[in-house]
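These protein sequence lines are chains A and D, in that order.
Counting from 1 along the first sequence, just add 524 to a position and that's the residue number in the working numbering.
Counting from 1 along the second sequence, just add 7 to a position and that's the residue number in the working numbering.
Check before you lean on any hint, since a few could be wrong.
Cβ-Cβ distance ranges computed for the label pairs, FRET-style [unchecked claim]:
id, chain 1, residue 1, chain 2, residue 2, range
1, D, 372, A, 802, 35 to 45 Å
2, A, 667, D, 372, 44 to 54 Å
3, D, 372, A, 760, 32 to 42 Å
4, A, 827, D, 40, 56 to 66 Å
5, A, 797, D, 395, 51 to 61 Å
6, D, 349, A, 827, 47 to 57 Å
7, A, 617, D, 395, 54 to 64 Å
8, D, 372, A, 833, 12 to 22 Å
Below, computed lysine-lysine pairings styled on PhoX-like, alpha-carbon distance capped at 25 Å [as the list claims (entries may be wrong)]:
id, chain 1, residue 1, chain 2, residue 2
9, A, 1017, A, 1004
10, A, 952, A, 1017
11, A, 614, D, 275
12, D, 368, D, 275
13, D, 368, A, 614
14, A, 930, A, 981
Covered stretches of chain D, going by a simulated chain A footprint (3 or more residues, C-beta under 8 Å) [unchecked claim]:
id, segment
15, 53-59
16, 379-391
Just so you know, these hints were derived from the structure itself, not from any lab.
For glycine and all other residues, C-beta sits at the position ideal for the given N, C-alpha and C.
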Amino acid sequence: MTDLMDYDDVIAAFDPALGLEVHVELNTASKMFCGCDNTPGGAPNTKVCPVCLGLPGSLPVVNGKAVESAIRIGLALNCSIAPWGRFSRKNYFYPDMTKNFQTSQYDEPICVDGHVDVEVDGETHRIEIERVHMEEDAGKLTHAGLTGRIHDADYSLVDYNRAGTPLMEIVTRPILGLGEKTPAVAKAYMAHLRELMLALRVSDARMEAGNMRCDANVSLAPRGATELGTRTETKNVNSLRSIEAALTYEIRRQGAILSDGGRVHQETRHWHEEGYTSPGRSKEQAEDYRYFPEPDLVPVAPSAEWVEELRGTLPEPPAARRARLQEAWEFTDLEMRDVNGTAGSIDLIDATVAAGASPASARKWWLGELARRANEAEVELAELGVSPAQVAEVQALVDAGTVNDKLARQVFDGLLAGEGTASEVVEKRGLAVVSDDGALGAAVDAVVAANPDVADKIRDGKVQAAGALIGQVMKQMQGKADAARVRELILEKLT
Amino acid sequence: MAADILTATAEELGRRIAARELTALKVTEAFLAQIERVDADVHAFLHVDAEGARAQAAAVDARLDAGEELGPLAGVPVAVKDLFCQAGVPTTAASKILEGWRPPYSSTVVQRLLDAGLVVLGKTNLDEFAMGSSTETSAYSTTRNPWDLDRIPGGSGGGSAAALAAFEAPLAIGTDTGGSIRQPGAVTGTVGVKPTYGGASRYGVIAMASSLDQPGPCARTVLDAALLHEVIAGHDPLDSTSIDAPVPPVVDAARSGDITGLRIGVVKELGGEGYEPGVELRFREAVAALEAAGAEVVEVSCPHFTYALGAYYLIMPSEVSSNMARYDAMRYGLRSGDDGTRSTEEVMNHTRAEGLGAEVKRRIIIGTYALSSGYYDAYYGSAQKVRTLIARDFDAAFDQVDVLVSPATPTTAFLVGEKLDDPLAMYKSDLCTIPSNMAGNAAGSFPCGTAPEDGMPVGLQVMAPPQADDRVYRVGAALERALAAPDAGVLTDRIASRWVEA
């Protein structure tokens, strides 16, 4: 069992240093170096051609749209755009790589020296971006065996549909001085990048699908020390929660080792959703990738005019957008803070409002019922499986009196179970409230007859006593009664 | 009748096919029969696609009979170095590791040949993955020089050059990374041109060293080479390094051959020690003939050419080490040792050990070393600097003259086996040709007679600035006309009686 030190004790003794490398898969129509379909999925090895299969004689050609996306990402991250840069070959053998080298920018990245500001608990932290570079993704290996790892697999299957998908790697400079907030800032940074990618429309940015993956580097140095400690790199962390949890775990693990007088091994580690990291290959025997400039590609040389043209296509910065929407939606600071504090909710509310719901109702659903469900399922709000259009439709049914709030929750059950549109769920589950006077009248008559003393109170003018009768009618109608109409019927009958 | 077909120029065959005096099928049959008759001695071909060639020829005949206007080489057969992918046709790069592989796609060059109505007879032999200067490193056979079967036909494109010299094809396609078109051309008395880098598409050409490889035409006459050049050259969106500009007017230049007032520079560094006297003699005579034809001749110094061979043998293997990595037994080609006891890595190692030859392995090892961390700057980095200096030498020279000339090779064809165990001696075969690969300019080799010592052909190399490929042909055509008997005209005609049955 790995020793872990109490988090607060680690922070009291050590300063964590953080470094994040985020891979973003672009959603361009075609792949990085060939014309193959870049949409995810499909039967294995159907979205391939001589180029992404690395067949003898094939040659890459850079996808101009991917370069465009890279420049827009760089500009959105306040980077300088390099006027000239070459791709390189990163040489290593692995069966998921068709050429046994990855074509990647190495020492001449397209975007350098940027920054973003992220907010945690009302405090702004500046994250310096060292570089953003372009590369290609590899294929996907499936190892048939007990652990799913290559070393004890009986056989392995490989799918090259993903081979050649355009990837952007966004690398931060070391982030220092965050103390206890280190994991929270990392999470906020990732959420910020995700928001940015969606706003730029350059990636589907679905973390659970691997569209965005984070390699989280962290090291500890004794408080006040000037040199950084030995770092570990936890690879392919693919949810916001996991980033925070993995970093917290690594900080506690390294803290225990260092406090015990041990030394941290520089290595890559794997994150397990059960809540721990385990060692991968050691980086101390550094692999030699024998990088050299890719001779099959001409350098990428974006003109200053093109870069400026692309700058003009940047979306509104997220912070400005938040301020604008708060005003438009007439939310109080407190209401808006909840929106800002829930990853992805601003986009979901915005889209729900665009689909016809009122801002207040959109906020109520996303931050109430749906946030609760996301929390239970341990997924991000946007990953829950309910779309803004569906929420707007549910609210329209509420507004029309077809369902009440309580029934609406059951409509969401149906939506999540894939039972069709909201109206279809209402139909199939028989959820529509009853406002038919015949059925309601009979129930009211029965409840009045069963509660003569309450009825008398109402007759005497104590109208507020009607609440007790309404509740019983609702119960009798299994919640599917139009409460307002029930009240009217009771008062009509007794006053 | 068949003899006339075999010895005719491609230009003449194209004309007679277009005029319907000959059918493409008849011409194709004549060459298939010649291959059948002589290739057991020459070993120029690795694969003869008789069925495919007949079908292509018949299709061209049908189109011509229907009155369609095709290009000047429609119906003319061509032999293609087995480094070019052709859909459905075995493509091996003369390596065991690709034995039996049939590419699912065609290279741009082959596609352009087929689109222009040329008939692909088959795939010619080469050094394994084009790594060699004698065609002896082929995993399948050793091609012989039709001038003397005990001698090598040059390399790596010895198969294409020998096929021309033995009248097995009127045209052939090669690739030139350090001289693999020009050196075989020189030692077989044929014409071989390396276009400007990026002049003809590399798409579908199995890579040796990507920044140096260049496909180009091989023929027995200058005009034939130019006509073939025009078919295969031009921008290809599938090759990012291909030049997006009109093809230089090579055919006009080959037809004209007028070099009046052309300034020709003789490269001082490409001659002297290590050069065979007969080679230098014929070279000097050829230069004198060009001067007599109206050119101005001066001597030019290119001081860094001395370092070209050394730098080449760092850059080329570096790229080779990376380009060869894909042959790992996982997806296509040979897989050996996969008996259920070996891991993926072990199967990769086993297959590469068994499937690749000694020269390929030597270059992979040298290149892997040169790119290694800690050695990169000293080897690959320095070699790139030399490359820049060579390009500057060319720039400075082309400020003074229109073209440069040198012998194409230091020696005539050597004996089979003579240098196989001495890589350094072998590498020196490319001493004169490598600078143009390093700088990417256009260069060609043209026959200039035979050496008195051994009666073997000598080639003159013409080097022109990038995208001035037409100057190469202009000088080549002038030389073809200016030489005095017995070297005048088409040099290979001197061995026609040996190879073609009357």
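How the hints compare with the structure:
Between residue 372 of chain D and residue 802 of chain A the Cβ separation comes to about 36 Å, which falls inside the hinted range of 35 to 45 Å. Separation of residue 667 of chain A from residue 372 of chain D is about 31 Å and departs from the stated range, judged on CB atoms against 44 to 54 Å. For the hinted restraint 32 to 42 Å between residue 372 of chain D and residue 760 of chain A, the CB-CB distance of approximately 34 Å keeps it satisfied. With their beta carbons about 58 Å apart, residue 827 of chain A and residue 40 of chain D fall inside the hinted range of 56 to 66 Å.
With their beta carbons about 53 Å apart, residue 797 of chain A and residue 395 of chain D fall inside the hinted range of 51 to 61 Å. Checked against the hint of 47 to 57 Å, the C-beta distance between residue 349 of chain D and residue 827 of chain A comes to roughly 52 Å, which is consistent with it. Between residue 617 of chain A and residue 395 of chain D the beta carbon distance is about 32 Å. The supplied range of 54 to 64 Å is therefore violated. The beta-carbon spacing between residue 372 of chain D and residue 833 of chain A, approximately 48 Å, falls outside the hinted interval of 12 to 22 Å.
Between residue 1017 of chain A and residue 1004 of chain A the CA atoms are separated by roughly 21 Å; this keeps the pair inside 25 Å, and the hint holds. Restraint check: the Cα-Cα separation between residue 952 of chain A and residue 1017 of chain A comes to about 33 Å, which exceeds 25 Å; the hinted pair is violated. Under the criterion of a C-alpha separation no larger than 25 Å, the hint pairing residue 614 of chain A with residue 275 of chain D is inconsistent with the structure, at around 41 Å. As the CA atoms of residue 368 of chain D and residue 275 of chain D are separated by approximately 35 Å, the hinted pair breaks the 25 Å bound.
At roughly 20 Å between alpha-carbon atoms, residue 368 of chain D and residue 614 of chain A fall within 25 Å of each other, so this suggested pair holds. A distance of roughly 29 Å separates the Cα atoms of residue 930 of chain A and residue 981 of chain A; the hinted pair therefore is violated under the 25 Å criterion. Here's how the segment 53-59 of chain D fares: 0 of its residues keep a CB closer than 8 Å to some CB of chain A, so the rule of at least three is not met and the hint is violated. Counting residues of the segment 379-391 of chain D whose CB lies closer than 8 Å to any CB of chain A gives 4, which reaches the minimum of 3, so the coverage claim holds.
In summary, the numbered hints that this structure violates are 2, 7, 8, 10, 11, 12, 14, 15.
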